[in-house]
Amino acid sequence: MSDILSKFQTSAEGLSESEVQKRQSKYGLNELEEKKPKSLIKLFLEQFIDVLNGLLFVASIAAYAVGDIIDSAVILLAILLNAILGFIQEYRSQKAVEMLKSFTTQESIVRRNSKIQKIESKYLTIGDIVILEEGDKVPADLILIESNDLKVDESFLTGESEPASKDIDDEVHMDSNIISGNAEGVVTKIGMETAIGEIAGMVQEESEDTPLQNKVSKLGKVLSFISIIVCVFVFILELSKGIPIVETFMTAVSLAVAAVPEGLPAVLTLTLALGMQQMAKSNAIVKRLLSVETLGSCTVICSDKTGTLTENKMTVRESYFFNENKTSLIGVLCNNAVINNDEIIGDPTDGAILKYFNNASDDYGSYKRVNEIPLDSNRKMMSCEYTCSEENNIILSKGAPEIILNKSKYIDDNGNIKIITPEIKEMVLKKTGEMANDALRVIGFAYKTKDSLDDEENLIFTGLVGIIDPPKKEAEKAVKECQNAGIKVVMITGDYEITAKAIASELNILTTGKVITGSELEKLSDEEYMEIVEDIEVYARVKPTQKMRIVETLKRKGHIVSMTGDGVNDAPALKKASIGVAMGNGTEVAQEAADMIIEDNNFATIVKAVEEGRKIYDNIKRFVKFQVSTNIGAILTIIGTSLLNLPIPFTPVQLLWINIVMDGPPAQTLGMEGAEKNIMKRKPETGDILNKKVLTRILISGLVMAIGTTGVFLYQTQISTQTKAMTVAFTLFVIYQLFNALNCKSDSEESSKYLYLGIVLSLLLQILIIYIPQLQIIFKTTAIGIADWIMIVITASTIIIVEKIMNRMIK
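Per my numbering, residue 9 is the first one in the sequence shown, and the count goes up by one each step.
Keep in mind that the hints were calculated from the coordinates and are not lab data. Hints should not be assumed to be uniformly reliable.
[What the hints assert, rightly or not] Calculated cross-link-like contacts (lysine-lysine; reagent style BS3-like; alpha-carbon spacing at most 30 Å):
#, residue 1, residue 2
1, K509, K438
2, K438, K417
3, K295, K565
4, K496, K788
5, K321, K417
6, K509, K496
7, K481, K289
8, K433, K509
9, K565, K616
10, K289, K616
[Claimed, not checked] Each pair of labels, with its calculated beta carbon distance range:
#, residue 1, residue 2, range
11, K30, D543, 47 to 57 Å
12, E142, I411, 16 to 26 Å
13, I818, E539, 32 to 42 Å
14, V378, S14, 40 to 50 Å
15, I786, I49, 35 to 45 Å
16, V378, I176, 23 to 33 Å
17, I506, D178, 21 to 31 Å
18, E758, L247, 42 to 52 Å
In this text, all values refer to a predicted model and were calculated from it rather than measured experimentally. Ideal Cβ positions, reconstructed from N, Cα and C, are used throughout, including at glycine.
Based on the provided sequences and hints, a complete structural model is requested.
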């Protein structure tokens, strides 16, 4: 003790008031510092700094320039909606550290100037002596100078389900809970220097963009480049043909609108919002809109063990009795836990034993406890003395099996008391070893009638129980589904290696891969770790900072990483992961740092969320493919007619109609398609939304629409007026879009009624602007006949034929 006190320049009487003030000036207060948050105005304005938003502003200006104020306003509204959603999610992330601050202890008992005082915890300083009692929270990081059977729950930092016994010279961390015993400790770290303080610093780091944000941003840059090139080309080409500059400019501006899928953010928002609602029905609450899709793309789920894959309830799994009735008596009476409405209050191990034997507890009302020898880390056993009206006092003991066995002289073989022979002892130790190898915590039981000898000598051995925090029933199936879907499940726990191995093997997480401990990981260089990271299936005894390293290394390997957890220790990794998934019964800090909360604390719910995420990503690809192929078709049609010295087949208003109005119902309903039949039998998709295969299909579809529209327009210019030729070409292009929407529907067992309704609505709108005189004036259209409609439908159906050919040729 004296060494610790001298190291921190204090004495057994505690610090003087003058020394406290001096140290507070040097070290500051014992509180978590919060980075100065961005102002709400700055946070909101930053949401507009985005490539896609920039393109949308251009589209809005273009729409306004051609006199379409309504469309301009709608686009601006979409930009505002995106900004509000982004603002909300970033504001929430700034609140994480406030949750940590609310987690800290408010008051502490200290010894200063030989006096016991109660002070606000923020005024603790290095060298203060803190007094800890059962039920307290540790107010700072301490080293113990006294300890009386102290047990500390530090699961929020370590992930271990059992309380840790703490002796003199052991360290206890801020916000750990004192389960039993009492102690005194010297403050070694305060505020941001504590373990929880380090976590607070990590949680405040900037959030990274989601994979979908990166993909949409990349798509925006590509479309922006295409838009600029095409607009400049058409402007120069039309100007060289002697067309007035104002008309040429209007065409180029309209084409700019056609080149940008400004409906994308609105459809994206709707699709993600619908996905959020569906996930909420399955107990998965999504906090960040763009994170809905991410889980569907993840390649690795890093799962905490305790409370996520396991029940977080110590349970007797195996027993070995010589006398079950006597063992039950000991288990119930030599026990300080209480069961209240199925909730265990007290030590988890005691609670598990009590629950296992609880059915027999009503038979022991005549027993009265008169003495207790509490469990401590040296003796590793607990004994209680009871009186009974029918017997002499009885001593009941339980503890580490090898200790209990060594203290026992006899066994109770169902009422037949025998001397323990070497063979019996070997048999019991063998069984103990088998249970321990299965990661069970083994407890031995013994008793005797009180005699003149030591209460814990010459005991009568009755049996063993093996206790474990068991896997959840649904977890094994959920892990298998993840593996079938090409998602690797990695267990990351602060628990012991043997326990982690046993649970991971039972859940088939540990198959052919490696198990590594935190200390082993610490010895690996970044290069060495990078080489083996994909082979590791289980991490045991890890620290919070190591969880961060695991996630970061997997991400550098190109993985989209989901991290699940429930404790304060998980918060930094939850924030760093591609998508952080917190448990519903977890700490507020973990939930605030996460992107998604699983309300029922069930790993199986994550699998449902993965399926929903994949469906959402598929639907995003559907409407992106639909919208971009439409835009490409319009661009190629205008370029083609310009090169053939034909008039532009669409007016600027018609282009706006095609791109904004006609994209609306079909694109929106494509975002509501059901899941593909094989959705959980395929590998995760981590590439760009527009990969080479998708781009090839889009270009071919766009080319088919352009050739068909240009050909029909050329034919119509020779047999009818220019207004009718433009109306037929315009209508043909619209019908091409509607057929193309059918090409993009999912192969799902669910009905596509919304898509069909969207197509019917778009068709009706097109008919209205062709045949209503007032709308004919606005859109420069004219009525067309049955023969024209037949030609339009036959020509547009080629897009369906080409799609079927591509399905066979482009896999």
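Problem - Numbers of unmet hints, in rising order - result: 4 and 5
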